[in-house]
Amino acid sequence: MRAVLRYLRRNPSLALGLALLMAITLFVVVGSLVVDPEDARPLSAPTLQPPSQDYPFGTDRQGRDLLAVMVVGTPLTLRIGFIAGLIGVGLGAVLAFVAAYYRGIADTVIRGIADIGLTVPGLLVLILIAVSIKGTLTVNQMAIVVASLAWLYPTRTIRAQVLSLRERGFVEMARLSGMSGPSIIFVELMPNLLPYLGATLVNAVSAAILASIGLEVLGLGPIDTPTLGMTLYWVNFNAAMINGWWWWWLAPTVIILTVFLGLFFLTVGLDEIANPRLRRSA
Amino acid sequence: MQLAYIARRFGVFLLIVWLAASLNFFLPRLSGQDPVRAKLLQQASLGGYVAAGIEDMTREYEHRFGLDKPLWRQYVTYLGDMARLDFNYSIANYPRTVRDMIADALPWTIGLLGTTTLLSFGIGSVLGALLAWPRAPRWMMWLIPPLWALHAIPFFLLGLILTYLFAFQIPLLPIFGGYSAGAAPGFSWHFVGDVLSHALLPALSIVLVATGGWALGMRGMMVTTMGEDYVVFAEAKGLKPPTIFLRYCLRNAILPQVTALALALGQILSGAVLVEVIFGYPGIGTLLLQAIRENDHFVIQGIVFIVIVALGLATLILDIVYPWLDPRISYRRT
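The listed protein sequences correspond, in order, to chains Z and E.
Here numbering that gives the first Met the number 0 is used: the first residue of the first sequence is 0, the next is one more, and so on.
Here numbering that gives the first Met the number 0 is used: the first residue of the second sequence is 0, the next is one more, and so on.
To be clear, the hints were calculated from the coordinates, so they are not data collected in a lab.
The C-beta atom is built at its ideal place from N, Cα and C for all residues, glycine as well.
Some hints here could point you the wrong way.
For each label pair, taking beta carbons as the anchor points, the in silico distance ranges come out as [stated by the list, open to error]: (1) Ala238(Z) with Gly110(E): 20 to 28 Å; (2) Asn237(Z) with Leu118(E): 27 to 35 Å; (3) Phe186(E) with Arg102(Z): 53 to 61 Å; (4) Leu262(E) with Gln140(Z): 54 to 62 Å; (5) Thr46(Z) with Asp85(E): 56 to 64 Å; (6) Thr24(Z) with Ala235(E): 20 to 28 Å; (7) Asn191(Z) with Ala82(E): 47 to 55 Å; (8) Asp223(Z) with Ala3(E): 37 to 45 Å; (9) Leu14(E) with Leu42(Z): 50 to 58 Å.
A short list of chain Z residues far from chain E (calculated; beta carbon distances all over 12 Å) [unchecked claim]: (10) Met21; (11) Ser31; (12) Arg60; (13) Ile115; (14) Pro120; (15) Ile132; (16) Arg155; (17) Gly197.
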């Protein structure tokens with residue numbers, strides 16, 4: 000425990016990132032003890048109340064208690080991010096290891112698809128996918144839609160890492176001693192890349208949350224679920240900004256801000272673990 | 000050999016265009032029946048403001064796509080339409096064509112995005128280079144934490160905050176639309192000023208965030224470049240610090256930034272779409288939001304196609320310019 004604390008003092012980015020994400024977790028956990036999730040539905044409170052004793056975050060135009068909306072919606076948004084990020088990094092890692100370890104035609108094809116896919120604006124393709132699916136999306140479907148492009152960037156970066164790793168002596172040694180391809184990947188390469196994979200995962204989660212909020216702000220999310228992005232959609236739909244209903248967008252904005260900053264500093268901190276050379280230059 | 004390089008890059012560009020068109024064609028059809036047709040009929044049954052054109056449209060639609068023909072014939076016809084940038088009529092705004100609507104919106108987006116990207120790339124790169132330069136003034140170090148924090152925020156979230164600040168706290172700048180409601184579009188000084196003042200906040204929310212990213216990237220590259228032997232050699236030769244900074248360090252460190260720019264264009268555009276939505280800026284993003292609300296499938300498809308093609312073109316130009324920036328990359332090898 001003390002060693003962890005000492006390390007965190009040396010790596011303030013990691014500490015800050017963890018602290019911000021803990022704050023969010025704490026808010027959700029404590030909030031769910033205090034708040035009735037039913038209040039996140041429309042018509043459960045008087046409409047458009049500014050923050051008060053009864054409704055600390057105020058209420059929106061459809062009569063949702065915004066505190067309840069935040070308590071219910073934050074984990075939903077995070078869930079979309081985590082599912083999509085996990086699928087993205089998992090798929091990306093498999094493709095990257097296959098491409099970089101075996102090279103040849105598989106590498107050409109995988110790298111080609113990832114390179115071309117990355118130049119295409121992801122949000123627009125996701126919009127096209129979301130529009131093509133009939134009916135409203137559930138939260139899990141939303142995660143899958145976002146995951147459909149989330150593997151591109153991890154594939155590219157992990158591949159580059161594996162390429163440099165596979166030329167090292169110990170991999171050569173393993174190959175000469177007759178280890179099979181998959182076991183070299185799992186036993187020799189994977190453990191060395193774990194910190195890097197961790198940083199990539201955090202990055203992917205952040206990107207997936209951003210993509211899901213983007214889709215939701217445009218009205219392509221799970222319409223009847225109170226995620227953070229859907230809250231912003233209603234903010235924009237009802238022109239809350241111009242009408243001066245500041246409490247409506249303040250809470251989701253602060254939470255989204257905290258999540259992104261937390262994830263960002265976590266990546267910076269993990270990068271430092273993964274790549275100790277950064278320490279000297281920083 | 001220069002020609003072969005350009006030809007190959009152009010081939011990749013064509014591949015992207017073809018993929019975009021195919022995506023547009025196959026994605027809606029994957030879900031079983033054709034939702035475009037379903038939407039048309041749904042609109043027809045709703046009646047209202049589209050009723051006038053719906054008969055024509057359905058006939059035109061069936062004729063053009065030849066729904067009785069085999070899939071590959073439909074596909075070939077569709078590719079032909081896309082090549083001529085013919086995206087059919089807007090479902091919600093008949094008889095306007097999708098091409099007209101996009102042509103109206105595109106200049107706004109290109110103006111906003113082009114200016115902000117160039118500004119943030121330029122400012123960010125120079126700033127980042129200075130941040131790594133030991134002779135830079137010390138107060139610049141204080142810029143790093145805010146740049147980091149800004150860089151992690153999505154464009155549109157900063158847009159929301161700016162809207163609030165300028166709508167209520169310091170009501171100086173307009174926060175909605177592309178120009179004032181009464182203003183007559185034209186080339187008068189008054190109108191140009193009006194447009195610029197409307198563009199300022201959306202532009203600011205992109206530039207503030209994006210500059211941080213470019214500055215951080217540049218700073219990292221500068222640190223690496225300044226450790227190179229040729230920089231030490233230049234110092235030993237007694238060259239003036241500005242020469243070393245500009246010709247030896249900056250010139251080399253900016254190359255990966257250009258590569259990153261080519262890769263980031265898609266992401267920047269995705270972000271800018273949402274900024275337009277927040278500010279009601281009359282570009283592609285707002286058109287897209289409107290099309291999504293009205294279930295205007297042709298407009299959505301048209302926008303996706305045009306944007307992918309435009310970004311493919313921008314990437315192609317950057318690819319062709321790159322060997323000129325970095326003569327070490329010969330046209331032959333890549």
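| Status of Met21(Z), Cβ more than 12 Å from any chain E Cβ | holds (17 Å)
| Arg102(Z) and Phe186(E) - C-beta distance against the hinted 53 to 61 Å | Holds, at about 58 Å.
| request: Could you tell me whether the CB distance from Ala238(Z) to Gly110(E) stays inside 20 to 28 Å? | output: The hinted range 20 to 28 Å holds for Ala238(Z) and Gly110(E), with Cβ atoms some 25 Å apart.
| query | Are Asn191(Z) and Ala82(E) spaced within 47 to 55 Å by their CB atoms? | reply | holds (48 Å)
| message | Is the claim that Gly197(Z) lies outside the interface with chain E correct, judged by CB distances over 12 Å? | response | Check passes; 18 Å lies beyond 12 Å.
| query | Taking the CB of Thr46(Z) and the CB of Asp85(E), does the distance hold inside 56 to 64 Å? | reply | violated (47 Å)
| Is 54 to 62 Å right for how far apart the beta carbons of Leu262(E) and Gln140(Z) are? | violated (29 Å)
| said: Minimum C-beta separation from Ile132(Z) to chain E exceeding 12 Å: can you confirm that? | reply: Incorrect as stated: the minimum Cβ-Cβ distance to chain E is 6 Å, not above 12 Å.
| query | Does the Cβ distance between Asn237(Z) and Leu118(E) fall inside 27 to 35 Å? | reply | About 33 Å separates the Cβ atoms of Asn237(Z) and Leu118(E), which means 27 to 35 Å holds.
| task | Please settle this one: Arg60(Z) was flagged as non-interface, so is its CB more than 12 Å from every CB on chain E? | result | holds (17 Å)
| Taking 12 Å as the cut and beta carbons as the points, is Ile115(Z) off the interface with chain E? | violated (6 Å)
| query | Cβ-Cβ distance between Leu14(E) and Leu42(Z): within 50 to 58 Å? | reply | With Cβ atoms ~52 Å apart, the hint holds.
Hints 4, 5, 6, 8, 13, 14, 15, 16 from the list above are not met by this structure, while the remaining hints are.
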